[in-house]
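Listed below, chain by chain, are the residues.
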Amino acid sequence: MAIVFQKPKALTDDVFHYCPGCTHGIIHRLIAETIDELEIEGRTVGIAPVGCAVLAYNYFACDMVEAAHGRAPAVATGIKRARPDNIVFTYQGDGDLAAIGMAETVHAATRGENITVIFVNNAIYGMTGGQMAPTSLPGQVTQTSPYGRDTESAGFPIRVCELLSTLDGVALAQRVTVDTVKNVRAAKKAIRRAFENQVNKRGYSIVEVLSSCPTNWGLEPNDALEWLRDNMVPYYPIGVYKDLYPEEGQT
Amino acid sequence: MADKVLMKGNEALAEAAILAGCRHFFGYPITPQTELAAYMAKKMPKLGGTYLQAESEIAAINMVLGASSAGVRVMTSSSSPGISLKSEGISYMAGSDLPALIVNVQRGGPGLGGIQPGQADYWQATKAPGHGDFHLIVFAPSTVQEMVDLVYKAFELGDKFRTPVMILADGMLGQMMEPVTLPSALTAVPDEKPWAASGHANKRKKNIINSLYLDPNLLEKTILERRKRYDQITAEEQRCEEVQCEDAEIVVVAYGASARVSRSAVNQARAEGIKAGLLRPITLWPFPTDAIARLAKSAAAFLTVEMSMGQMVDDVRLAVNGARPVAFYGRTGGVIPTPAEVLTAMKSLIGG
Amino acid sequence: MKKDLNLLLAGFGGQGLLFAGKVIAYCGLIENRQLSWLPSYGPEMRGGTANCGVCISDEPIGSPLVVAPNQLIVMNLPSLEKFVNAVPSDGLILVDSTMIPATVSRTDVTVRCVPSTALAESNGLKGLANIVLVGTLFSEYEFCAYDTLVEAIRKSVPASKTEMFDLNIRALRLGLEYN
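Protein chains in written order, with my numbering: chain A, 1 to 251; chain B, 1001 to 1352; chain C, 2001 to 2179.
These aren't lab readings, by the way, just hints derived from the structure by calculation. Model, not experiment: these values are computed from the prediction. Possibly wrong hints are sitting among the right ones.
[Stated by the list, open to error] EDC-like mimics (lysine to aspartate or glutamate), calculated; alpha carbons at most 16 angstroms apart, straight line:
no., chain 1, residue 1, chain 2, residue 2
1, B, 1206, A, 14
2, B, 1205, A, 162
3, B, 1193, B, 1156
4, B, 1206, A, 168
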């Protein structure tokens, strides 16, 4: 019997703990498929964040390091400098990457650290139960913005790809979504390019994946994806914000 | 034996780390450890190593965590306020059983404090170098030569016990020059560390470097396993120097820069016919409790001298355990006590 | 028995006091004695007062902090005022009288006033007043062999600046022979 679909080798047999409808699972899979395709699992080290993906160290089959909240880019820097032949990626949420870890994020990017950053932006703190994130939208109701994010007092959301695209050390900054099959395929291409850049020693690559959080948004999974399209995509447009090697495309 | 050279403490420590096989340094500028980082910035590129000036102390210690996870010898250095910032990462490293050398060239605190030499981070180093149930091995050099020798010991014990190790120096030791003999040959750097996260190469099970245990029973188990190593360290690694303690009636206990001052005071006391001795802890954790407890049987009184309001004196009192009076003399905020002041404190202790 | 040195050098940043201290420290190293060299550090180094303590002895050096210098070299007025009374009786005070117009009123110490900055400049040795004073110190208090001092200067001058060695030796001789 021909196998038409199977779990990527770069994922372990552990069962994901993610909520129904959460897109972390898809993003994990895209990373694992990439690792399989590039045949780099044996030299890859992943950095798990603090946030919903904290247990990612159980799910990827490569060596894994669990970082403190926001420090994944610094940990990745340490590993990459010590072992330049390792393929090092971080997997970070919006609070981790764009709030507590913004300094580490910006400086790893501007140094052009040859690492791959997968940034999962779902506009909310998931693990701690739905607090306002640096990427929560204006007016968005969360546990800590119960009357909607008031930009007068809470300021504005951060557009990470746009911000990082101004830095000379960045090779690739691209925003994708995984809300439709077509977009999942596009996201896969972006993630693959972010890893290929590292293999080819081209410097810092970040792929921002707009993601849904049905649980903390209080929506059914399909409604959550609808909300993402209606609200997040207009504020965070899909696209390539920086690409030093645009002509090459997918290899 | 190699010739003696004249070096600043900060530079000698850096050179010793290089000789001990450390090729990765991550730091952030702060006085009075500056020369250490500058030395690394000069040397590391020529050795194919890493000198990286991080965006903050927080980032620097997490780079150290990363490099240690990957299995290499790695270090950082800072001074008091910077160590506070590093304490998060130090806790994670302890919880992840990662060795590394962390140097604190202490200055006066709290807050921004000053930049003159201090010893007010004793509690931080030995009791609470970060949140959670853990210890660091803490060395306290008192000469530039010891700045060198203890670097070797720090890397060796760090690897042996899989723990971060701190060298707790101070601005005086960092800035002063003394003749020093650098080791001519490199001691063995351990082979590939089997626990490291540096790629499994499809040859072994994956390694996870982690300090998260959501099951409290499992977390307790890891802490208790680590505790066994701490017990072994406490039993095997207590170090101190005893000077003229055999017949001493008054024993001065002091480490680092204040031990140098106290040594002068003890010599002056002896010249005046006072039976004084100096016990100088070289490890602050584990604290040389056994040696002090032994001297509590022969000496009449103890005087602890520190460049703080009195921190190590707690550990001296615990070791003496009420058997003898334990007095304290200290200057703080960057002020260095003089031998004359210490002598006066000794006299008032035995006189009163 | 060789003489102990418990020296403080003080003046403005940029007058070369730390360098002079280093030369003297090398004398201890060359003669295989115990020694320490401790500079002041921090913002005061940027053009303010700088000082540096050097101890040489056959016994281990306790505190390297020179609080009661047996020998004092001062190159500015604030330093003289700050340290003049710290010198114990029978101590030695060397004053750069070009830089310091004041006199020392103490009679229980030996005072040598040397216009070292002017001497250096008039001999084409601008910037070497520090070494002139090292020469005078040596003439007053022979803390090492003369050859040691020459060797110490050789070690202290960067290998790339060998011409500086001769200039330093000339400065040393100026101070040594000044009456």
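Results of checking the hints against the structure:
1. Using a Cα cut-off of 16 angstroms, the hinted pair residue 1206 of chain B and residue 14 of chain A holds, with the two alpha carbons roughly 13 angstroms apart.
2. A distance of roughly 39 angstroms separates the Cα atoms of residue 1205 of chain B and residue 162 of chain A; the hinted pair therefore is violated under the 16 angstroms criterion.
3. For the hint linking residue 1193 of chain B to residue 1156 of chain B, the alpha-carbon distance of about 13 angstroms falls within 16 angstroms, and the restraint holds.
4. Between residue 1206 of chain B and residue 168 of chain A the CA atoms are separated by roughly 35 angstroms; this puts the pair beyond 16 angstroms, and the hint is violated.
Violation of the numbered hints given earlier is confined to hints 2, 4; the remaining hints are satisfied by the structure.
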